[in-house]
Amino acid sequence: MTAFDIDELLDSSAIVVCCGAGGVGKTTTAASLALRAAERGRKVCVLTIDPARRLAQSMGLTELDNTPRAVAGLDEAQGGSLDAMMLDMKRTFDEIVLTHSDPQRAEQILANPFYVSLSSSFAGTQEYMAMEKLGQLKASETWDLIVVDTPPSRSALDFLDAPQRLGRFLDGRMIRLLLAPAKAGGRGVMKVFTAGLSVFTNILTRIIGAQALKDLSLFVTSLETMFGGFRERADQTYKLLKEPGTSFVVVAVPERDALREAAYFVDRLGAERMPLAGLVLNRVHTSTVDGLSVQRSLAAAEQLDDSGESPLTAATLRIHADRQAAAARDGHMAERFTAAHPGVGVVQVRAQSTDVHDLEGLRRIGTELAG
Amino acid sequence: MSDFPSVKLHVVTGKGGTGKTTVAGALALALAAGGRQVLLTEVEGRQGIAQMFDTPPLPYEERKVAVAPPGYSGKGGEVYALAIDPEAALIEYLEIFYNLKRAGSVLKRLGAIDFATTIAPGLRDVLLTGKVMEAATRERRGGGRLYDAIVLDAPPTGRIARFLNVNAEVAGLARMGPVRQQADSVMNLLRSRKTAVHLVTVLEEMPVQETIDGVGELTKAGLPIGGVVVNMVREPLLPPDALAAAADGTVDTTEITRGLKAAGVDDGARYAEGLASEAAEHARRVLLEDRERTLLAELDRPTYELPLLTDAVDLSCLYALAGQLAEQGLA
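Chains as they are written, first to last, in our numbering: chain X, 1 to 371; chain F, 1 to 331.
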């Protein structure tokens, strides 16, 4: 297993994207990388999606205003800076609507139930908005490095696919078909309905009701001016991910499901020719006590139990045996990954005994990441 | 004896990484014990059930995945599984209610099915929960297998209240009409004594916080909360009197050296420091877990604990976990 050079990555990249399955510590990894880069002298912005409450507080992320804010408590000796923000998906979407349409139309769109649904619960909107925000941050040319945490998707791959899926969706045949009657006349929907022009309008009406179909048609019509823009923006951001200066860090824990996701992602990045920096393996169990095997520890503990001597020692031996066993298991999982992906560098972070929720903790993890 | 005798539909939620699918599987096995028929369903397209039971990916069709011990009648318990896919559910819905079998495939080609299940507010969730309801309310006459219990491996805690509160979700879509009617009957079942939403967590800050938030949201939505399942619980290894001291980093290394010697580890002095620092980390972890456990206790819900399994969860582990859930009264 070869490591990869975290400091070199942080010093030379313009964008670092942290991706992986849910619950593997992506946000903590992203925050630790960003803090380390900033304390090495770079101007850094970290875009987080859903940080733990106390971690968010420690980074000053108490206001949900969708704007990067300076993080207090940074060591600025090297001349770097760190801003952090938490993505507000709906607000980002609203802002796109407001930027791309006149006030009256914007108001119509924002109030439409289909828009509300699309902007707050469409599977993929969060991913799309994360990409959109990344594009905006990059375009502002305010930072040397942007570190992105990706949304807690069902699967790590959603992050790559969702923006295009949404683009395709808004561009799709279905939308075109729905647009046609609306364009033909003021009461297009009803016209289509009575004329029986289209099977699906008929059926959609049966399922969701005429009022809903009218809302839908209005929504689609009012968004129409923005469609081209959506697709184009999704494509642009996708390109941004392929530019030199962008690197992906895949985050996992030494468990079967998380590593399977990581492997999918590594393969996918390869197929898309997107630059993979390496794998960060969080929560790896280790033992610092060499020479005391699981068997020997347990045998010694049993002997103490039998004699009734030093329960404390027996307990510490059992704790050690558990750790040894966990370390062996984690090592085995990591080896399995490396056997299938020999070219991928792996950096390990030890399992922490407590949750990380302050800059000091992030700094410690940063040091561990850098090896 | 089950703590939830009136419940037919067990909804299992939990934050990612807490083992929600494993708990759902174990609960299904526990409920099937004694010769009962149980349906285990998933709705997120992850094929988690198939992986857990080591079967090929599940189609949109009820398949037997496991057996459980027979009851007095001698009839064996069985767990069936179904992966509910919103598109297939919509097509089935169109067939049943509108006899639109062929239209379904036309609609699919046009992208209308994808469209309807992704953009129409709440429609997707109505379809998913609607299918679960259909399985839960089957009667002797009419099609389909009859089940004694249904277990739903539901979306994660962060989204569960919204997922189940389909009424509110479709409010913007349909003030009347068939979807609204469907949503109303789903809601009636979900809010009844026949349903319980169980929350799976581990003893860590974020999952516990999400569990507390989730309980709040479910309560607000009028949905019945079942038990809290604390998964992956570590056995406390240190004697209680040594715990607090160990967490502060004061472990008696002289005592450990002496103890190691007594146990025949002659080079004990070499290991004492290392063992002490591992014990300190373990103690801090245990104290943190105790704090989280106290927070969970404030929820005042029946709580069940499952141990941390050192090896990957396989079928035999699943049966063992099922046994523990039954013993503690969740099933």
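Hints are computed from structural coordinates only; laboratory data are not their basis. Accuracy of the hints is not assured; some may be wrong.
As the list claims (entries may be wrong) - With a straight-line cut-off of 20 Å between C-alpha atoms, the simulated DMTMM-like cross-links for lysine to aspartate or glutamate are:
1. X:Lys239 <-> X:Asp290
2. X:Lys43 <-> X:Glu95
3. F:Lys261 <-> X:Glu107
4. X:Lys214 <-> X:Glu107
5. X:Lys242 <-> X:Glu272
6. X:Lys239 <-> X:Glu302
7. F:Lys261 <-> X:Asp290
8. X:Lys138 <-> X:Asp11
9. F:Lys194 <-> F:Asp148
10. F:Lys261 <-> X:Asp305
11. X:Lys138 <-> X:Glu232
12. F:Lys261 <-> X:Glu309
13. F:Lys64 <-> F:Asp54
14. F:Lys261 <-> X:Asp94
15. X:Lys138 <-> X:Glu302
To be verified - Label-pair distances were calculated between CB atoms; the ranges are:
16. F:Pro236 <-> X:Gln57: 25 to 33 Å
17. F:Leu287 <-> X:Asp306: 37 to 45 Å
18. X:Asp88 <-> F:Glu298: 28 to 36 Å
19. F:Thr55 <-> X:Ala77: 29 to 37 Å
20. X:Val294 <-> F:Asp266: 16 to 24 Å
21. F:Pro240 <-> X:Glu309: 12 to 20 Å
22. F:Lys64 <-> X:Pro103: 22 to 30 Å
Here a beta-carbon is modelled for each residue, glycine too, at the ideal position from N, C-alpha and C.
So, going through the hints one by one against the coordinates:
no. : hint                              : in the structure
1   : X:Lys239 <-> X:Asp290             : violated (49 Å)
2   : X:Lys43 <-> X:Glu95               : violated (26 Å)
3   : F:Lys261 <-> X:Glu107             : violated (79 Å)
4   : X:Lys214 <-> X:Glu107             : holds (17 Å)
5   : X:Lys242 <-> X:Glu272             : holds (8 Å)
6   : X:Lys239 <-> X:Glu302             : violated (61 Å)
7   : F:Lys261 <-> X:Asp290             : holds (17 Å)
8   : X:Lys138 <-> X:Asp11              : holds (17 Å)
9   : F:Lys194 <-> F:Asp148             : holds (11 Å)
10  : F:Lys261 <-> X:Asp305             : holds (14 Å)
11  : X:Lys138 <-> X:Glu232             : holds (16 Å)
12  : F:Lys261 <-> X:Glu309             : holds (11 Å)
13  : F:Lys64 <-> F:Asp54               : holds (12 Å)
14  : F:Lys261 <-> X:Asp94              : violated (70 Å)
15  : X:Lys138 <-> X:Glu302             : violated (60 Å)
16  : F:Pro236 <-> X:Gln57: 25 to 33 Å  : holds (30 Å)
17  : F:Leu287 <-> X:Asp306: 37 to 45 Å : violated (30 Å)
18  : X:Asp88 <-> F:Glu298: 28 to 36 Å  : holds (30 Å)
19  : F:Thr55 <-> X:Ala77: 29 to 37 Å   : violated (58 Å)
20  : X:Val294 <-> F:Asp266: 16 to 24 Å : holds (19 Å)
21  : F:Pro240 <-> X:Glu309: 12 to 20 Å : holds (18 Å)
22  : F:Lys64 <-> X:Pro103: 22 to 30 Å  : violated (59 Å)
Against the hints set out earlier in the document, violations occur for numbers 1, 2, 3, 6, 14, 15, 17, 19, 22.
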